[in-house]
Amino acid sequence: MDAGLAGQYLLNGLMLGLIYAMVAVGFTLFFGVLDVIKFSHGDVVMVGAFVALAVAGGLNAIGTTLPLLLLLAATLAALGSMALLGALIAKFLVLPLRKAPPLNTLLITLMLGLALREAVRLFYPNGSNPKPFPHLLPTGSWSSGSFSLRADSATLFVAGILAIVAVHAVVNRTRLGLAIRAVAQDPETARVMGVDFERTVMITFGIGSALAALAGVTNGLYYNEINFGMGLWLGVIGFSAAVVGGLGNLYGAILGGFLFAALQTIGAIWFSVPAYKDVFAFAAIILLMAWKPTGLIAEKTAERV
Amino acid sequence: MGMGRSSIVTLLLGIAACGLGVWLFLEVEAQWAVVAVAGAVALALFLADRLGLRARFEAAASTRRSLASALGVLAVLIVALVLHESHFALLMLATVALYATVCLGLTVQFGFAGIANFAGAAFFGIGCYATAVLATQTALPHLLVIFLAGIASALIGSVLILPMLRTRGHYAALITIAFGILFKTFLEVNDALGGPQGLKVPGLKILGWSFNDPLHLPWGIEASFYLNYVLVAVLLAAAAFMVVKRVESSWIGLNFDAVRLDETAAAVSGIDIARWKITAFVFGNFLAGMAGAVYAMMSGFIAPNSFTFGDSLILVSIVILGGLGNPLGVLPAALLLLVLPEKLQAIQEYRFLLYALLVILILLFRPQGLMPRRLRSYFSRGARA
Numbered sequence: 001m002d003a004g005l006a007g008q009y010l011l012n013g014l015m016l017g018l019i020y021a022m023v024a025v026g027f028t029l030f031f032g033v034l035d036v037i038k039f040s041h042g043d044v045v046m047v048g049a050f051v052a053l054a055v056a057g058g059l060n061a062i063g064t065t066l067p068l069l070l071l072l073a074a075t076l077a078a079l080g081s082m083a084l085l086g087a088l089i090a091k092f093l094v095l096p097l098r099k100a101p102p103l104n105t106l107l108i109t110l111m112l113g114l115a116l117r118e119a120v121r122l123f124y125p126n127g128s129n130p131k132p133f134p135h136l137l138p139t140g141s142w143s144s145g146s147f148s149l150r151a152d153s154a155t156l157f158v159a160g161i162l163a164i165v166a167v168h169a170v171v172n173r174t175r176l177g178l179a180i181r182a183v184a185q186d187p188e189t190a191r192v193m194g195v196d197f198e199r200t201v202m203i204t205f206g207i208g209s210a211l212a213a214l215a216g217v218t219n220g221l222y223y224n225e226i227n228f229g230m231g232l233w234l235g236v237i238g239f240s241a242a243v244v245g246g247l248g249n250l251y252g253a254i255l256g257g258f259l260f261a262a263l264q265t266i267g268a269i270w271f272s273v274p275a276y277k278d279v280f281a282f283a284a285i286i287l288l289m290a291w292k293p294t295g296l297i298a299e300k301t302a303e304r305v
Numbered sequence: 001m002g003m004g005r006s007s008i009v010t011l012l013l014g015i016a017a018c019g020l021g022v023w024l025f026l027e028v029e030a031q032w033a034v035v036a037v038a039g040a041v042a043l044a045l046f047l048a049d050r051l052g053l054r055a056r057f058e059a060a061a062s063t064r065r066s067l068a069s070a071l072g073v074l075a076v077l078i079v080a081l082v083l084h085e086s087h088f089a090l091l092m093l094a095t096v097a098l099y100a101t102v103c104l105g106l107t108v109q110f111g112f113a114g115i116a117n118f119a120g121a122a123f124f125g126i127g128c129y130a131t132a133v134l135a136t137q138t139a140l141p142h143l144l145v146i147f148l149a150g151i152a153s154a155l156i157g158s159v160l161i162l163p164m165l166r167t168r169g170h171y172a173a174l175i176t177i178a179f180g181i182l183f184k185t186f187l188e189v190n191d192a193l194g195g196p197q198g199l200k201v202p203g204l205k206i207l208g209w210s211f212n213d214p215l216h217l218p219w220g221i222e223a224s225f226y227l228n229y230v231l232v233a234v235l236l237a238a239a240a241f242m243v244v245k246r247v248e249s250s251w252i253g254l255n256f257d258a259v260r261l262d263e264t265a266a267a268v269s270g271i272d273i274a275r276w277k278i279t280a281f282v283f284g285n286f287l288a289g290m291a292g293a294v295y296a297m298m299s300g301f302i303a304p305n306s307f308t309f310g311d312s313l314i315l316v317s318i319v320i321l322g323g324l325g326n327p328l329g330v331l332p333a334a335l336l337l338l339v340l341p342e343k344l345q346a347i348q349e350y351r352f353l354l355y356a357l358l359v360i361l362i363l364l365f366r367p368q369g370l371m372p373r374r375l376r377s378y379f380s381r382g383a384r385a
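Chains as they are written, first to last, in this note's numbering: chain A, 1 to 305; chain B, 1 to 385.
The shape of chain A in the complex, shown without the other chains:
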């Protein structure tokens, strides 16, 4: 393999890893704050992408053709609506089940994911087929040999990194982040200290879901195609990434995201049949779980009996 092709693989892997990391950060935020898994997260990614598609398509239909304006409107609509959806999921599905066994939360959000997926398939116009996603970013590219760097990929990559850094800064540097970390550490004490528990949980779910929407839009802009089933894959991969990294740890989620993308890329180079890359990646994840049952960056806990 020549250097150009290797560079291309590396670039694709990094882009994939970034999308996975954005999804995984959501999983790890929800787990951190409430010790729950919100499995509908992947489908929130998908719905976010469809909202962006619908808004861009709608604005285009009424005569707006400026790509930058379309992009901005579509992205903001996706982020806003998914943040709201995330907060609503927290309020009406996740918080009421706090006293129930933790697997019930996993189940209810698994089913919500299925419902979102089916709703898009059935009710979005022609929703069961893959949809072309418009090119909204400048499309210039720089190439050398078999390696080419597209301007839109570079933009997406930088935007994604900035989004993750921003979430990290919110969690670690603001009063809101302090509340989130307080609730994550001990909900009772946080309440006593005057933290509005329910509001903090809802905001956390909102932030994670907005990041998911951004991942969906990035995915659409990068591949120029979205479909109703993409959320299941992204959800399972994001969940795997968060779990392998160590649930509740922001760095673990990012590490896990890039690790999963690396596994897929290695699989793609090794096997001639493309789908084997996923079989390879998931098999590696199961092995990793057997080796490090609580993830690479494990949460330090002692069980109180």
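Certain hints may be false.
[What the hints assert, rightly or not] Derived lysine to any residue pairs resembling SDA-like cross-links, with alpha carbons at most 20 Å apart:
1) A:Lys277 with B:Phe309
2) A:Lys99 with B:Ser66
3) A:Lys277 with B:Val189
4) A:Lys99 with B:Phe301
5) A:Lys91 with B:Leu361
6) A:Lys277 with B:Phe186
7) B:Lys245 with B:Arg373
8) A:Lys99 with B:Arg168
9) A:Lys277 with B:Pro196
10) B:Lys245 with B:Leu375
11) A:Lys99 with B:Arg373
12) A:Lys277 with B:Thr308
13) B:Lys245 with B:Val282
14) A:Lys91 with B:Phe365
15) B:Lys245 with B:Leu20
Hints listed in this document are in silico derivations from the structure and should not be mistaken for laboratory results.
For this one, chain A is given, so just place chain B on it according to the hints.
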């Protein structure tokens, strides 16, 4: 002795009522009638629970287990005989019995031992594919093939035992989810197993009795060949049910409960957690594999699309709707969830969406399901005798 007779009467009446409900549900064709019967069945189950009739029925059934099982099988066979000409109704009946068998396995895993298995459809699928390969490539007797399909499912599932034992809760859930998706992807790209087109499976043959030929009943009645499969499927489901019920009330079931409710306390009390988790997991997958074997031979054709993550979720939905941990609840839940979309063309397309919403509502408002699991009652046999 008076108590004994009244328990027999309770059993007879209860099973007759269930049989009638099943027959009505399979028989009606008009869309409004299907909705009415499904609603009536759900309402009847709910009322039976509220009025304590179900408790009396279950108590009667637990004092006279063999009789109850025999009567149950007899009732299903009578329903099958009444419907002997309808291919469709018999196919549904056999399918329900086979899915119920898988769900009984899931009940042992999820309901008893607390191991969430989100790859039920994959283990069912392993049974199907093992049967397709064994029945076409070897001359093994088919009864042995069914047994081996169960073994294959249990063995392949054993790959997950180590990661399963080392992880807990959400980490453990990921392992079966990843396995289920990995399995379907693997089937789709594997040309030796037919790829996305799938494989053909020959019909079941036992001692020269070919199950794909019409069944000749006495008095010159010719029944649909599906009646053959109903016989096998119902016997398999009944055997699975009896084993699961006996496991539940035995010391094995007690160990499962301890492991599910509190691993630490169980370990401190000297219960070998690994042993019981492995037992439950392997046993459940074995049941799924055997049910898959019969299903593959009955449908004659299998493809990866029947074993998706969505199908695994339907299996979990059945277990939750029936009442997690109650083997009896699996039966009406499987009947409702599997037959309703086939009967109601209007909802066929929407069934995943509707089930998802249904399970969400159940988890929010009635997490114990249609037929909640009852607490273990000690000394009840002595008290009732």
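Hint check results:
{"no.": "1", "hint": "A:Lys277 with B:Phe309", "in the structure": "19 Å, holds"}
{"no.": "2", "hint": "A:Lys99 with B:Ser66", "in the structure": "39 Å, violated"}
{"no.": "3", "hint": "A:Lys277 with B:Val189", "in the structure": "11 Å, holds"}
{"no.": "4", "hint": "A:Lys99 with B:Phe301", "in the structure": "45 Å, violated"}
{"no.": "5", "hint": "A:Lys91 with B:Leu361", "in the structure": "15 Å, holds"}
{"no.": "6", "hint": "A:Lys277 with B:Phe186", "in the structure": "10 Å, holds"}
{"no.": "7", "hint": "B:Lys245 with B:Arg373", "in the structure": "12 Å, holds"}
{"no.": "8", "hint": "A:Lys99 with B:Arg168", "in the structure": "19 Å, holds"}
{"no.": "9", "hint": "A:Lys277 with B:Pro196", "in the structure": "17 Å, holds"}
{"no.": "10", "hint": "B:Lys245 with B:Leu375", "in the structure": "14 Å, holds"}
{"no.": "11", "hint": "A:Lys99 with B:Arg373", "in the structure": "19 Å, holds"}
{"no.": "12", "hint": "A:Lys277 with B:Thr308", "in the structure": "18 Å, holds"}
{"no.": "13", "hint": "B:Lys245 with B:Val282", "in the structure": "17 Å, holds"}
{"no.": "14", "hint": "A:Lys91 with B:Phe365", "in the structure": "15 Å, holds"}
{"no.": "15", "hint": "B:Lys245 with B:Leu20", "in the structure": "24 Å, violated"}
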